[in-house]
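**Student:** Between the sequences and the hints, there should be enough to build the whole structure, so can you do that?
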Amino acid sequence: MYTQALNARDDAPAIRPAEELEQEARFQARVDAEERIEANDWMPAAYRKTLVRQISQHAHSEIVGMLPEGNWITRAPSLRRKAALLAKVQDECGHGLYLYAAAETLGVTREELTEQLLSGRAKYSSIFNYPTLTWADMGAIGWLVDGAAIMNQIPLCRCSYGPYARAMIRVCKEESFHQRQGYEIMLTLCRGTPEQKAMAQEALNRWWWPCLMMFGPPDASSQHSDQSTRWKIKRFSNDELRQKFVDATVPQAEYLGLTLPDPDLRFVPDESGDASKGHWAYGEIDWAEFKQILAGNGPCNRDRLAARNKAHDEGAWVREAALAYAGKRRARQAA
Amino acid sequence: MTTTSIRVVETPLVLYALRRADDALVLGHRLSEWCGHAPALEEDMALANIGLDLLGQARSLYSYAAEMEAAGHTEDDFAFHRDAPQYRNLLLAELPNGDFARTILRQFFYAAFADLYWRAMMASPDPTLAAIAAKSEKETAYHLRHSAEWVIRLGDGTEESHRRAADAVAYLWPYTGEMFEADAAERALVDAGTVLDPAGFRDAWDKTVSDILAEATLEKPAAGWMQQGGRSGRHSEHLGHLLAVMQSVPRAIPGATW
Ligand SMILES: [Fe+2]
Ligand SMILES: [Fe+2]
Ligand SMILES: [Fe+2]
Numbered sequence: 024m025y026t027q028a029l030n031a032r033d034d035a036p037a038i039r040p041a042e043e044l045e046q047e048a049r050f051q052a053r054v055d056a057e058e059r060i061e062a063n064d065w066m067p068a069a070y071r072k073t074l075v076r077q078i079s080q081h082a083h084s085e086i087v088g089m090l091p092e093g094n095w096i097t098r099a100p101s102l103r104r105k106a107a108l109l110a111k112v113q114d115e116c117g118h119g120l121y122l123y124a125a126a127e128t129l130g131v132t133r134e135e136l137t138e139q140l141l142s143g144r145a146k147y148s149s150i151f152n153y154p155t156l157t158w159a160d161m162g163a164i165g166w167l168v169d170g171a172a173i174m175n176q177i178p179l180c181r182c183s184y185g186p187y188a189r190a191m192i193r194v195c196k197e198e199s200f201h202q203r204q205g206y207e208i209m210l211t212l213c214r215g216t217p218e219q220k221a222m223a224q225e226a227l228n229r230w231w232w233p234c235l236m237m238f239g240p241p242d243a244s245s246q247h248s249d250q251s252t253r254w255k256i257k258r259f260s261n262d263e264l265r266q267k268f269v270d271a272t273v274p275q276a277e278y279l280g281l282t283l284p285d286p287d288l289r290f291v292p293d294e295s296g297d298a299s300k301g302h303w304a305y306g307e308i309d310w311a312e313f314k315q316i317l318a319g320n321g322p323c324n325r326d327r328l329a330a331r332n333k334a335h336d337e338g339a340w341v342r343e344a345a346l347a348y349a350g351k352r353r354a355r356q357a358a
Numbered sequence: 003m004t005t006t007s008i009r010v011v012e013t014p015l016v017l018y019a020l021r022r023a024d025d026a027l028v029l030g031h032r033l034s035e036w037c038g039h040a041p042a043l044e045e046d047m048a049l050a051n052i053g054l055d056l057l058g059q060a061r062s063l064y065s066y067a068a069e070m071e072a073a074g075h076t077e078d079d080f081a082f083h084r085d086a087p088q089y090r091n092l093l094l095a096e097l098p099n100g101d102f103a104r105t106i107l108r109q110f111f112y113a114a115f116a117d118l119y120w121r122a123m124m125a126s127p128d129p130t131l132a133a134i135a136a137k138s139e140k141e142t143a144y145h146l147r148h149s150a151e152w153v154i155r156l157g158d159g160t161e162e163s164h165r166r167a168a169d170a171v172a173y174l175w176p177y178t179g180e181m182f183e184a185d186a187a188e189r190a191l192v193d194a195g196t197v198l199d200p201a202g203f204r205d206a207w208d209k210t211v212s213d214i215l216a217e218a219t220l221e222k223p224a225a226g227w228m229q230q231g232g233r234s235g236r237h238s239e240h241l242g243h244l245l246a247v248m249q250s251v252p253r254a255i256p257g258a259t260w
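Quick mapping for you: the protein sequence lines, in order, are chains L and R. In the numbering used here, each number is its position in the first sequence, counted from 1, plus 23. In the numbering used here, each number is its position in the second sequence, counted from 1, plus 2.
These are computed hints drawn from the structure, not numbers from a lab. Treat the numbers as computed from the prediction; the structure is a model and nothing was measured. Think of the CB as a built atom: it goes at the ideal place given N, C-alpha and C, for glycine as much as any other residue. Misleading hints may appear alongside valid ones.
[Unchecked claim] Here are some chain R residues pointing at chain L (derived, C-beta under 7 Å): (1) 37; (2) 43; (3) 48; (4) 50; (5) 54; (6) 61; (7) 126; (8) 155; (9) 160; (10) 207; (11) 208; (12) 210; (13) 214; (14) 216; (15) 251.
**Tutor:** Written out as structure tokens, the structure is:
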């Protein structure tokens, strides 16, 4: 998931040699036949570039995503929750590692990608620029953020690029575990004391709209879904995925006894005549807020980047020591 | 469950289990503070792994303490509803993470003891303790390997890493002696053959530590004055802060289930 920030177009050069056009046609035919493209296969430069950007943004999101939840590991209210949360954040780190490895198959290095993140040039999911303020946020994030991630990532398990698709299969299994865990935190709070239930509602109020933004800008203003769709990187539009998410989440909120913070939310039956079939229409999303977050003005953008930079800078001497030691060892073995 | 602290009837066996559980919880908690902030992603993974193992050990030991105490307390009562003076962990476990060198050396000194200790405790006639020991030993063998490898890399890495590792050894050394102490309550269990005298592991620990420090080109400090007090609830200034953070949520809403 976390592919929302993809909104720059990669235009191919206007005039290309016949040979390349032929290669491209063969490539597209393989994609159309649902074959998987592997690291050593020929691929258009723009396909490679799009994938590097998408996969690395996804990897960065996993890594930055460790911070908002990491904020509550030391305050988890029971030993069971503490272990589960630590394990979850560790899973996210693992996702980041698989994804960097998948990106590396396309000819970039983790160091380059890390540098892009740390310098602020690379994007990561807007959602991680919101603060985690109460324990209920651990429930809301697992339920909604991991839930939205799954919506986005399940189709990516069939992405035309093999290494990314395979990484997604592994990641999705863990994300759905996270989602159930988050929902269970919410359920426990909602069945708890009035303070706990209020905490759950307040967290939902804060996270609902940012979660809807996770699917990216509305289709009408999204620039490059077409090419990604032809390449079978993207299978559903932003609005389609967002609608699926809303439809799945409304009954879950109802079961919890919580209210979604959207006065315009209403069920619209489809034309089948079956009144239970249809979609949940939702209110206007604040795209101005979304734009500000992508521009670096979210409540936590600066803190998140600063935290990653601090870890990187303070770890430099450790990484240098490991390299120096490995060098000494090699020299001793050679002698 | 209440916001105030519970009262624990510390029979020798309950006290024994709480001491080991507190070591594991407090040290595991410290490691969890690194999550998202480690020098490399691989180390975020490794420190979380070790932290999770220690949390698991703590939970088994608290459950055992609860069973032995038979006062209806749960693992969470022990973790979240005792104040610092009721905690029984080693001072070594509660010392702040400091830099990566200090975290690694702290882990190494502890694991070098715990690995030996749990391996021997697998022969305890108490089946629960023997089972906890068997699981802990497997985990601790990895903790020891991982931390020892880093001690060597840091000690024999760059000038800076050597200096930091040497500083960490010097800072932590006075806290290593407490691992080998046993008071009258624990001695009663030793005499009954239920648990092993920690003092019996001193020579083997010393050898492991000497070997690894030598390989790391780090100097082993001379035996000297050793700090103690954690086992009887006289802690450093650091534990109170750790617990204030850790216990804040359950203590804020009395009687809640999480
Ligand atoms: Fe993800
Ligand atoms: Fe993830
Ligand atoms: Fe997740």
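**Student:** All the hints need checking, so say for each whether the structure fits it.
**Tutor:** Hint check:
1. 37: Hint holds; residue 37(R) Cβ to chain L Cβ min 5 Å, cut 7 Å.
2. 43: holds (6 Å)
3. 48: violated (10 Å)
4. 50: Nearest chain L Cβ about 4 Å off; hint holds.
5. 54: OK, holds: residue 54(R) within 7 Å of chain L, min 6 Å.
6. 61: Holds, because the Cβ-Cβ distance from residue 61(R) to chain L comes to roughly 5 Å (cut-off 7 Å).
7. 126: violated (24 Å)
8. 155: Status holds, d = 4 Å.
9. 160: Result: holds, 5 Å to nearest chain L Cβ.
10. 207: violated (24 Å)
11. 208: violated (25 Å)
12. 210: violated (20 Å)
13. 214: violated (14 Å)
14. 216: violated (15 Å)
15. 251: For residue 251(R), the interface hint holds, since the closest Cβ of chain L sits about 4 Å away, which is under 7 Å.
Comparing the model with each earlier hint shows violations of hints 3, 7, 10, 11, 12, 13 and 14; every other hint is respected.
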